[in-house]
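Let the hints inform the model, and build the full structure from the sequences given.
Protein chains in written order, with the numbering used here: chain A, 1 to 594; chain B, 1 to 598; chain C, 1 to 163.
It is worth saying that the hints were derived from the structure and are not from the lab.
No residue lacks a Cβ here, since even glycine has one placed at the ideal position from N, Cα and C.
Treat each hint with caution, since some may be false.
Claimed, not checked - With the Cβ distance kept under 8 Å, some of the chain B side facing chain A (calculated, not the full set): (1) L141; (2) G144; (3) P303; (4) P305; (5) T451; (6) C455; (7) K457; (8) C458; (9) R462; (10) V463; (11) Q467; (12) L487; (13) L500; (14) G502.
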Amino acid sequence: MSEISLTINGKQVKGERGDTILKVCERSDIYVPTLCHYGGVHEVGTCRMCVVEVQGGRALTTACTTPAEDGMIVKTESDAIQSLRRATLELLFSERNHYCMFCEASGDCELQALAYRHGMDSVRYPNLYPKMELDTSHPYLALDQNRCVLCRRCVRVCAELVGAHSLGMRERGIETLLAADGGEPLSASSCVSCGACVQVCPTGALFDRRSAYRGREKDCTTVKSSCPECALGCAVELVARSGQVLRVEGDVESPENGGLLCRRGRYESLNGHRERVLQPLVRKGGELASASWDEALAALRAGIEAAAAAGGAGAVAAVASARASNEALAALRGYFQQKLDSPNVGAIGAAASPDGYPAATLQDIRQADLIILAGEDAGANHQVVEFAVSQAVEQHGAALIVVGSAARRLQKQACVVVPAGSDEVARALATLTAAGSESLKRIACAERAVFVVGAPVTAVPQALAAAAQSARDGWPRVLALAPKGNSRGAAQAGLNGGASVAKGVKAAFIMAGDDTEMLDRFLPQRDEIGFLAVQASYRSPLVEMADVVLPAPVWTEKAGTMVNAQGREVSLRPAVAPPAGVRDEADVLAALSQ
Amino acid sequence: MPAYRSTVLLCAGGGCISCGCLPVREAMEAELKRRNLADEVRVVQTGCVGSCDLGPVLIVYPDEVFYQKVSPGDVPKLVDEHFLKGRVFERLLVKSAETDNLIATQREFAFFNKQVKIVLENCGVIDPENIEEYVARGGYLALGQVISERTPEWVIEELKKSGLRGRGGAGFPAGTKWDFVRKAPGERKYVVCNADEGDPGAFMDRSVLEGDPHRVLEAMAIAGFAASADQGYIYVRAEYPLAIRRTRRAIQQAREAGFLGRNLFESSFSFDIDIRVGAGAFVCGEETALLASIEGKRGIPRPRPPFPAVSGLWGKPTLINNVETYACIVPIITRGGDWYASIGTEKSKGTKVFALAGKIRNTGLVEVPMGTTLREIVYDIGGGVPNGRKFKAAQTGGPSGGCIPAEHLDIPMDYESLAKVGSIVGSGGLIIMDEDSCMVDVAKFFMEFCTDESCGKCPPCRVGTRQIYGLLDKITKGEARIEDLHLLEELCGMVKESSLCGLGQTAPNPVLSTLRYFRDEYLEHIVDRRCPAKVCPSLIRYSIDEAACTGCSLCARNCPENTIFKVEDQKKYRIDPARCVKCGVCFDVCRFGAVVKS
Amino acid sequence: MAVEIAATGSGAPSESQVGAILAKHPAERSALIPILQEVQAKLGYLPEEAMCQVAEALGVPEANVYGVASFYAQFRFAPIGRKQVHVCRGTACHVGGAPKILAEVKERLGIGEGESTPDREYSLETVACIGCCALAPCAVVDGKVEAKLTPKKVRELFQGVQR
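And the structure:
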């Protein structure tokens, strides 16, 4: 890539060939106002805010779409430019309802900020806006067309980054409207509820229902953390105010998920009404009753150690969720493995990475020329992987081979589909690799092949891997899907991912934390386990049957580290303090070891 | 082919068909058969002759006798007189506007004899549904020669020499554009013909496709050869069903004759053409929107660069010209670029077809050398403004153009001169207006059009045109203040400067040019609350001059609101001004001039 | 432009009819508009199910099919009258009195632009320009160009129309 040099506002600046004028300005910290521009999706030059003057040019041109050329002389500010930008804003304000004081986005709105910045102090035209209905059909997000400036950021993100293509524009001219599918309410549309559109909306047209009207960004704190919903460990920003997490946003600075999140990460972990466990509970006289931490810990120690004394270390078990942080797992092991020498310490969802191949990142998937998806449906529990695959196929022309039960959407994009239930996947993979098969040939000529494998596939079949050997150095790469945020960390700690508590166990400690999926599986075994202690964030049937219950923080209240699917350590950081009476899991367990 | 004594060219352009020329043809053929003349006189159905207000039109060769407004009932008499008795049937001749003398032949008719036909040379002369007639006039010779004897560079050189500029509106030099596409890197390239003629008031592209479609196909194949493209698309408006049908048929015939398809003229060059029918969006006349539409998308323009010559259809280099531009190619190749450059002015070469309409005696298509004055077109060819009214302005370039007032009647019609007076050649719409046209109303009409046709992508066009329309509406209703006029001017300037595509950038032109020449008329609307042309309903009132009223009751019977009543004890009528909706029906129907507009 | 209405007249969306049209075209995006045009020619309008069927067959997102269909003036989403009236609002027609013609047509048919008469005999639309400027003002009624219209001619044209 060759360097070019431009004069912008009389200053000599550098750029790279292929840059737009806007890109060069960004590189050199020169402010150019934008509204429709959004990094990562194609430029449309719609909003006209970034108009600049290029010497020798016929007229003003949009910085976001005009390629920068060596020797170009550009002016980004002048009275004429300012007044055009102001006039454009004035027209936008006259088009629909932009009375800021009633808008959710007021204070955080890019349109409003531009209006202030450009001194747009009045609108001289009549307000044109027709009254448009709000679409509040969706459980997590809402669409207010009255606030929409038709910048199409949401449409482009939904199509190009998410690959859902649920949003589009309908009608034309002044009648133009944002629409989902054929004009359906959002809830009845093909929307995948990833919330990317909400995150990129510059105004209050698309907004998060939960956090609506609960504060501007400057009233909130924002903390970078990592999502524990699956092993991707997507980078998130937790937006909180007054001790409450208002919303989860994708961290746009992350090279991995780049601001994208899935339905589970962005919405499901915050929404839904679950009753928290707010203080330690101890069973007294057949009833669970509130207890102090000291009482509860004493009861826990007594129950566990009594079983160990009676039946040996084998009579004691500890099971964690692989959502638990490395620190919590270490403390668990410290007490149960090191101190009590129990052989029954495990973590549900622990999964080791397949040996022998470099781990594929989401970025690798987006850049791959061939993707082989084998096993579970990535679209169901790893939507962000599905987004990356879609992007690779649709935007960059990658080939896709699907074996197993992948989502319909990916099946449509695939050049080869071998449908298979989970018990048939191995056989299906074998047919794929039959000597001389079309797929094998494809794999052999791929330069950047990525295998995405999920349950029940745990490793890349030899034949496939061998076929991909002709690839460049460092390829093929493999992404093994895993169900929990710290599946890898748990496996690295030597904890096995088995689901049950071994026979003969008389006392068990279950460290569920905020994992709501794991508790139910112990219900059938409850009676065999004499003494049961649970460390959990939420009330549940198993909690009600426990002898000791320790309250646990949820992930947005926790600090710690996890190891993600690629083997990289990611951090959990607390956005809010846990409720009074709730203590960090690692601290509690460390106390037990002493 | 048997030798015929005479040929009857029957115009079957869109205009004549709607006037009923097809029954005339049937009557003619039946009559010739009945008189045993079928072997001697041949009837050929041609494309548009150009004189659309005179239809149905017949021209009898070899004498070039021009018959107008022929009805099936006239046919027996006409055959009797012309073909049996050998004399001209005078009742169907055109009368000269100045002298009242009868005009027997096309040559003597000022409407035709001042024209120079290059683009339209075959229109009205050949049967557009028969490829043999095109071939007989030298058709596809140019393509054959170019493929077997010339190089693409030679074609482009000739085109550059000709000085031909794109006829779609912007006037970009065609040779340069072809050269760009030729030099653009890329394996696959496309040639596109823009026949999405959407300017209200222009219909030359329709006439060329209806009257001489092979000329366009041949030119596109030559363009394919010059640009090394093997696929062409013609994008036609859905509103032109006849043009679509005839072009489809022409493509089929050309394929069968080996002028389209694989290995043309036994060379390695292959070229084929498909038709895409527009679905009703004016903005698709903008080249990037047109390409989006061919790709099956919303017809939304995108910023340039990259220009289609570099990245067009499916991202491949694409050559786009409009119908009239392509229609100039074959003559340039056959007769040479220098010959073409000898016609026209220094910077605007060749001829231009104008669609003459509005308040003018002879309407229709006229083709004149670039630089012909507006006066020549209006008075010599058009026969002037009828009904003793005065010429007020000529509107050129449709919704992207401007109005030229009487003081500029001597302006040469070419790109530079029109730009100087604030208008454009555009696609060639030329609407003549007399004192009965209100310039604010005309500006409002165009702005309404642009508002409806805005694609909605960028705010200046989407919202700006709507706000301009609102201001104009206020003015025509007599509700505006002088500040609104300033706001109007400011907004027009802004929309012009910051819109994304040509539609928005030119949308304010009709307002700006009428403001430039007819500012007083705007001021009268605003300050005096008066519409001098008596057009704007809110500013006029209808009344009945009782001295002139004969009491025939026609007005009262036609009034949609029943607001006209009989004055008691008198045979006179009167309008209730409070309930009058100012539809003007009474004014139109009164035969005694008793209804007065004031 | 003259739309041929399915023989049943009911315009009932038919999967097999749309299927037959789809079979004639390559399954690619660029065939979208021609396909929608043919579907409308067959069914008289674009029923939602037909658009979904086209979207599925071409692999084009439904939002885009709908976006395209609603962008172009030609497409309609409700059944139309058996005879269509297109009043030209081109420049020459405007100067020649098109607004009065349109008003008269509306008055005669008792419907507005984009509407159909209750008996579905007529539907009314305006068009940008039909290119018969020399015959202004004009309209296309049931596929036939009606030239040099006056309010009186309009009345005669629609004489006997039940409103």
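Status of each hint after checking the structure:
1. L141: 40 Å, violated
2. G144: 40 Å, violated
3. P303: 4 Å, holds
4. P305: Hint holds; P305 (chain B) Cβ to chain A Cβ min 7 Å, cut 8 Å.
5. T451: 6 Å, holds
6. C455: Because about 5 Å separates C455 (chain B) from the closest Cβ in chain A, which is inside the 8 Å limit, the hint holds.
7. K457: Holds, about 5 Å.
8. C458: 6 Å, holds
9. R462: 6 Å, holds
10. V463: Where the cut-off is 8 Å and the nearest Cβ of chain A is about 4 Å from V463 (chain B), the hint holds.
11. Q467: Q467 (chain B) check passes; min Cβ-Cβ to chain A is 5 Å, inside 8 Å.
12. L487: Since chain A brings a Cβ to about 6 Å from L487 (chain B), closer than 8 Å, the hint holds.
13. L500: L500 (chain B) check passes; min Cβ-Cβ to chain A is 6 Å, inside 8 Å.
14. G502: 12 Å, violated
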